[in-house]
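Residue numbers (numbering that gives the first Met the number 0), protein chains in the order written: chain A, 0 to 352; chain B, 0 to 233; chain C, 0 to 294.
FYI, nobody ran anything at the bench for these hints, they're computed from the structure.
Every value quoted in this text rests on a predicted model; they were computed, and no experiment measured them.
Ideal Cβ positions, reconstructed from N, Cα and C, are used throughout, including at glycine.
Hints are not guaranteed to be accurate.
Unchecked claim - Label pairs and their calculated CB-CB ranges:
hint, chain 1, residue 1, chain 2, residue 2, range
1, A, L328, B, G136, 52 to 62 Å
2, C, Q80, A, S204, 39 to 49 Å
3, A, E168, C, V152, 52 to 62 Å
4, C, R241, A, A31, 55 to 65 Å
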Amino acid sequence: MAVREVRDPAEAARTPAALGDELGWRRPKPIAVVALLVAAVALPVVWRNDYVIDVALTGLIWMILNQSWNLQLGIGGIWNFGQLAIFAVGGYVSALIAIHWGLPPWLSMIAGGLGAAAMSAVIGIPVLRLRGIYASLLTFSFGEVVRLLVISDESGLTGGSFGLSGVPELAFDGWSPDARQRAYYWLALALVVATAVVIYVFINSPLGTALKALRDAPAYAASRGVSPLKMQVITFATSAFIAGIAGGFYAHYFGVIAPSVMGLGPMSLFVAMLVVGGLGTFWGPILGTAVILAVSEYLRDYDELRLIIVGLILLVTIVVAPRGLVPALQDGWRRLQRWMAEDEAEREEGSTT
Amino acid sequence: MLEVRGLRASYGETPVLEGIDLSVGDGEFVAVIGPNGHGKTTLLRTLSGLLEPTTGEISFDGERIDGLRPDLISMRGLVHIPQGDLPFGDMTVEENLLLGAFPADAWRKRSERLERVFTLFPVLAERRTQRARTLSGGERRMLALGRGLMRDARMLMIDEPSLGLAPVLVNEVYGHIETIVASGVTLLLVEENFSHVQAFDAHVLLLESGRIVRQGSVAELLADEIVMATYLGT
Amino acid sequence: MASFLQAIVSGLVTGSIYALMTVGMTLIYGTLRTLNMAHGSMVMVGGYVSWMLFDSLGWGPLAGLVAASLVAFLFGILIQQVAVRPLIGKLGVDFEMTAFISTFAVTIVLSNLALRIYGARNKAVPPVIHGRLHLIEGVSVSWHSLVMAGVAVTMLLALGAFLSKTRYGLGITAVAQQLDAARLMGIPDQRVYNLTMGVSSALAAIAGVLLASVFFVSPNAGDLPLLKALIVAIFGGLGSIRGTILSAYIIGLLEALISTYFGVRWSLPLLFVVIMVVMLIRPTGLLGKPEEARL
């Protein structure tokens with residue numbers, strides 16, 4: 000029994016197709032994906048409940064964040080536990096630029112993304128050299144410093160612990176509240192899809208293969224000339240940009256951004272979403288967000304019980320099926336197919352005797 | 000005392016032991032000789048439980064031990080002195096030795112045992128408060144042996160005691176092994192070089208590619224010219 | 000000058016508590032290669048046990064110390080069995096990350112369980128002795144702080160004796176250093192893991208009892224101790240007990256000095272910045288092993 004796991008370097012040199020397969024993108028029936036998209040688009044029209052759409056919208060924002068987080072944590076194997084601070088930085092930058100410089104929120108959102116990316120490129124350089132748990136402490140400390148600095152900010156710039164309010168809308172003023180909510184919803188959905196496309200392209204590019212090699216067999220990857228510094232900085236920056244955009248969107252939609260989005264509390268929910276969905280898989284962040292959000296909403300009247308249950312779900316998942324739902328479902332599906340094929344073969348044999 | 004039937008073991012996908020049968024009787028000295036990489040260490044690791052066999056039966060004192068946890072096997076009196084010594088690097092020589100007496104009955108007599116080991120290996124006594132990782136190769140070997148002797152082992156399994164040592168030290172180590180054998184301890188020893196054991200009254204098994212290809216007493220093997228030329232030529 | 004000395008005195012007391020709180024975490028990392036994110040919860044548990052005894056039976060802190068250690072010891076074993084043991088040897092996953100997450104999940108469950116059972120309101124526990132001892136002009140220390148430091152140091156010494164003189168104490172160190180050899184000596188690894196988590200959690204709970212009258216008892220009472228323990232443990236060098244103790248005192252003193260000269264508000268952020276710098280220069284910490292931190 001080895002407490003440390005030994006990795007097979009040969010495994011690191013995978014073809015992009017195989018890499019994609021492992022990431023839960025196993026030639027999904029296009030029709031299923033289209034159906035899902037259609038359902039998602041139709042939601043606010045079919046189900047005319049403001050609260051439901053609001054929750055779904057929040058879920059979409061989390062999906063963008065989680066996809067970006069998964070890129071680092073799951074696919075890159077980088078123990079980044081400061082992603083919430085990056086998300087918040089994007090939100091604050093976008094909000095501040097829109098408020099003080101009067102830029103149209105679309106542009107300030109992009110600025111938010113860039114700001115977040117710049118900040119995280121800086122932290123990427125030291126983190127890259129460190130092994131898992133040390134990287135986690137560094138990134139977590141970083142996140143906490145940001146949070147605490149904002150909370151103790153008395154200059155009025157960030158609004159301190161009360162948050163920054165009065166963040167302008169995404170130029171939907173004058174629209175009816177229904178139309179506005181739907182516009183935000185569809186925009187968020189578009190962002191989720193865009194993020195998914197970016198990540199898909201990223202994974203299947205040589206960049207993605209190199210990243211996975213780096214995660215699984217760093218020494219081997221290094222010997223093949225894969226430069227960890229470049230890889231991780233690019234991953235960090237891409238992931239942070241996306242998270243920053245999500246943060247900006249959050250700020251403009253809710254009109255306020257506060258330090259309460261950061262910290263151990265919110266982190267628990269997001270970690271649960273990532274793990275339950277499946278760290279390192281393509282669909283994981285999306286499925287996980289949906290599942291945990293659903294559970295959380297179902298229990299919304301039972302405040303502490305809600306988090307106890309989410310915690311238990313996380314615990315059971317990580318211990319029983321640590322790779323998450325997506326791989327578990329895939330395995331189950333494959334086993335079902337094999338069983339059906341065997342059954343088919345037996346029946347044929349039976350009919351010929 | 001030790002009976003092995005049809006033992007197979009692998010490292011991951013690679014099979015190493017391809018069906019080993021051997022037995023060691025009470026008070027016997029059995030030596031397994033073979034080139035490096037052919038399964039000697041794997042054999043001992045499988046016997047002591049560090050590696051789980053793919054298939055086969057291992058019985059110690061009439062009871063099956065294959066698949067048991069290594070600490071349980073050790074508690075039954077089958078003591079494995081591993082290749083590479085595996086000292087507890089940051090602990091002192093004395094602490095290392097004391098751990099050799101971990102089982103409750105040995106622990107009670109630990110001071111006495113410690114003195115006995117220090118008498119056998121004076122160099123360890125000199126270094127008793129030094130950290131194990133500061134010891135030289137030969138001293139670490141003595142430490143490993145001494146640690147194994149802190150118990151009343153029913154049977155000792157020693158993995159390549161001559162490994163990495165200069166000839167003078169090898170002689171010293173085998174001098175100690177002679178003492179161990181003379182005291183009546185049952186011994187299973189694994190070596191690359193036949194010459195180290197040819198002075199003993201031992202039963203020898205030749206291991207090649209994971210199989211026992213030939214066995215016999217030292218005298219029998221010495222007399223067999225083909226064997227000497229093929230397997231044991233210097 | 001007086002404020003400097005006051006800071007030193009404070010720092011030494013804080014350092015003692017940090018050492019007590021963190022030594023368990025380093026012990027767990029050494030043997031189980033797990034960064035126990037549930038460690039802070041054990042501090043919280045200690046606080047609640049001592050509060051419960053005080054609130055319902057009027058029993059003082061001594062009973063609290065004993066009861067809290069026992070309860071936490073059992074919790075430690077439970078956490079090991081439920082969150083760590085099943086992950087050992089699991090193929091296809093990174094053990095350290097999954098154990099990190101599973102113990103993190105335990106903390107979420109325990110904090111919210113405490114919230115549910117006891118409510119969000121802070122609970123107060125009176126100190127062991129009231130009053131302060133005046134040393135020299137402008138420098139004083141509360142009697143309770145002295146007791147805290149005293150208990151902490153005593154427990155650390157007891158731990159030291161346990162680890163270097165007893166069978167299982169040596170066994171724990173052996174398992175941490177060379178697992179295979181330890182098993183060959185007949186040391187039962189599962190029992191050692193249970194013992195390690197039990198003892199470590201008990202020590203954390205004792206810290207919780209001592210801290211209960213300084214900071215209130217609440218469901219989130221474990222959050223800050225967890226953070227501090229992580230910092231102290233990594234700064235000292237994961238797995239090194241000596242490193243942890245040294246680091247605890249350095250950080251305790253640093254905190255006291257920062258609080259005195261810059262204000263309490265800045266102590267945590269500045270501490271984080273210090274840690275970040277340390278991570279950049281010497282991630283293995285004071286007495287850790289170099290191979291551990293680098294990729």
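Hint-by-hint comparison with the structure:
1. Between A/L328 and B/G136 the C-beta distance comes to about 54 Å, which sits within the given range of 52 to 62 Å.
2. Checked against the hint of 39 to 49 Å, the pair C/Q80 and A/S204 passes, with Cβ atoms roughly 44 Å apart.
3. Distance hint check: the CB atoms of A/E168 and C/V152 are about 60 Å apart, consistent with the given range 52 to 62 Å.
4. Distance hint check: the CB atoms of C/R241 and A/A31 are about 58 Å apart, consistent with the given range 55 to 65 Å.
Violated hints: none; the structure is consistent with every hint.
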